[in-house]
Amino acid sequence: MKKLFAMLLTGTMMLTMAGCAKSVNAPAETSAKPAETKTVETKTEEAKPENKKLVIGFAQIGAESEWRTACTNSIKGEAEKLGIDLKFSDAQQKQENQIKAIRSFIAQKVDVIGISPVVESGWETVFKEAKDAGIPIVLVDRNADVPEDLYVTRIGSDFKDEGKKAAEEMAQLLGGKGSIVELQGTVGSAAATDRLVGFKEVIEAKYPEIKIIKSQTGDFTRAKGKEVMEAFLKSDGKNIQGLYAHNDDMAIGAIQAIEEYGLKPGEDIKIVSVDAVKGAFEAMIAGKLNVTVECNPLLGPQFYDVCQKIMNGESVPKYIPSEEGVYRQETAAADLPSRQY
Amino acid sequence: MGSIKNLKKYQMFWPITALLLVLLFNFFFTPGFFKLEIKDGHLFGSLIDIINRGSPLMLLSIGLTLVIATGGTDISVGSTIAISAAVVASLVGGEMVFVDGMQEYVTLVPMPLAIIATLIIAILLGMWNGTLIAKLGIQPIIATMILMVAGRGIAQLITKGQIITIYYKPYFYFGGGYLLGLPFAIFIVGLVLLIIMLLVNKTALGLFVQSAGCNSSASKYAGIKVDRIKLIVYTLSGLCAGIAGILISSNIKSADANNAGLFIELDAILAVALGGNNMSGGKFSIPASIVGALVIQSITTTIYSIGVPPEITLVVKATVVIVICLLQSSEFRSMLSSLLQKKRGDQVENQTLSN
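Going down the list, the protein sequences come from chains U and F.
Residue numbering for the first sequence follows my numbering, starting at 1 and increasing by one per position.
Residue numbering for the second sequence follows my numbering, starting at 1001 and increasing by one per position.
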């Protein structure tokens, strides 16, 4: 029996490995030519950089959320539009897959490597390899814990700034005073930590009359957001004037809890959340959510812009915040049709 | 004193003691925990929340008790929840439709049909586990791990990696509605419990399950079809998980393939253990597991109500669970009482010496 199981296991392993090999090798063959022509072109490159077709490798984390899917679509779609030769790799939430992808990009001699590191640590060796091969690395969305000289720049959301924006919106909604509760994201994630710190900083510095009376993690999910909000309402009930949720999904869960409690979300309890996904706009149209601070996943245009600049030899700052807005209830109906995620 | 000693013999004694201890803690430290009021014609309060929130866990613990009684385990229930939630949400689902500025409720497939389809899929998933274990002899933890890992992938395929929001109002009744002032979910739990208790107590199934868990080969020689018993219990476990998936998706009005029922299998196994059931199979009590599930949900709700910092909630939960497990362990209790007696003995000795 054990044998049969072992056979099954090796069978699946081989299958998955074959799958990986295929997806990584196939573009290698097609890319061989542009890579060769590139080495010839390098001398004339400075004269007319616009004509050269950029070859870019992108190591995506996976497809764990709507947000990530939107990010992937933006990277892929924009490449098609700009006529960029994109080698895309989906790491399925595994660092070793991302490292493999980067090595294959190096072997394919791409111009720039973009990566959203799935975890912060453990990148030094492979980034060094890319650097030695003369390929610049651009971090997209997430950060990596490496010396600054190993990558060129990072494009991404400033979570702390999102927290600050949310705090300003909340203060405006409450008129500068009141008791609020907070639904945190997954404990230890950068998004949760920074959204918490940014929010708190502004509240403590500028609005001393706003008190955060309860704060608990809702793990970025609707179910937990609802469950925690239910408990908040039971213990503090009418005392709560505002809710700050670290993402839209938790806010949507909490809205249900508030309705079941018999209060009006958006009126009795003002709600500010972060992300600006479609569901949030639907809630705003229904008058149940007040403000959502955008966390923009459509990083494609900015990413290629930076890649082009690097190839042109222009200098880029170490950190480039992504372009993000704030969406309010009043304009939600008009904004919804233009939302892509 | 004698009556308490008699009570201690019952399996239900320690789970109920644990539940009472958690509730007692809330009586002193959580203001308004026991407050029940009537709102919109139904009861409302933390206790009702515990029942409502704990319903999926109670359902799982019913199925898992039987599985564990046969000496097996089922760690795929979380994934089964994700799949059934995904199936039911994509069948009922629907789009947000406005007619004259009012939200209309639409469903893609008639709701009873969608629910029957979901339950059939859950049964099939349970049978898949049962077949791997009973017919092919794969160890339960490995066999169900296959579905645990693959299941979330399947659920994501169904939802295309997105969170599916359900807009069909009648569907919300299962996880969010009230009957006779109580959450409707608890009636579903009650119904499932009633049917399974009848199956277990009024037919030979309970005895067969117990004997399969005590000694599988001896049972086989005694003419019990152990294979078939195993197939039945895993199928029941799958069905319970399927119903739990419907409750969860109905309560939050959406299906999230990534997070629905994530790690709930561990809570469910814990519920069975807190119920005083032997993990290696044999004698079992389903009501005790249900009390175990209530203990877990009470701890969770308590943690949210008293405002434990999120960084340490898991530690607090773990500590409480350890204490409860220690209370239940007869070895620990005898160790404790012998320690106490020794101390008392020392004191007596000292007294006699000083005299």
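Any given hint might turn out to be false.
Only part of the chain F face toward chain U is listed, based on derived beta-carbon distances under 7 Å [claimed, not checked]:
no., residue
1, Gly1041
2, His1042
3, Arg1228
4, Gly1282
5, Tyr1304
6, Glu1311
Derived coverage of chain U by chain F (criterion: at least 3 residues anywhere in the stretch with Cβ under 8 Å from a Cβ of chain F; other residues may be distant) [claimed, not checked]:
no., segment
7, 204-216
8, 225-233
Hints in this document: simulated from the structure, not taken from any laboratory.
Where a beta carbon is used, it is the ideal one built from N, C-alpha and C, also for glycine.
Holds or violated: the segment 204-216 of chain U covered by chain F, criterion of 3 or more residues with Cβ-Cβ distance under 8 Å? holds (count 3)
Hint status (Cβ of Glu1311 of chain F to nearest Cβ of chain U, threshold 7 Å): Holds - the Cβ of Glu1311 of chain F comes within 7 Å of chain U, reaching about 6 Å at its closest.
Would the stated hint for Tyr1304 of chain F survive a check requiring a Cβ distance to chain U of less than 7 Å? holds (3 Å)
Does the nearest C-beta of chain U fall within a distance shorter than 7 Å of the C-beta of Gly1041 of chain F? violated (12 Å)
Given coverage of the segment 225-233 of chain U by chain F, checked by CB-CB distance under 8 Å (3 or more): Held - the segment 225-233 of chain U has 6 residues with a Cβ nearer than 8 Å to chain F, which meets the minimum of three.
Double-check Gly1282 of chain F for me: the hint is only fine if its C-beta lies closer than 7 Å to a C-beta in chain U. Violated. Min distance 24 Å.
Under the criterion of a CB-CB separation shorter than 7 Å, is His1042 of chain F in contact with chain U as hinted? With Cβ-Cβ at 10 Å, over 7 Å, it is violated.
Chain U contact restraint on Arg1228 of chain F - CB to CB distance below 7 Å: violated (19 Å)
The structure fails to meet hints 1, 2, 3 and 4 from the earlier list, while all remaining hints are met.
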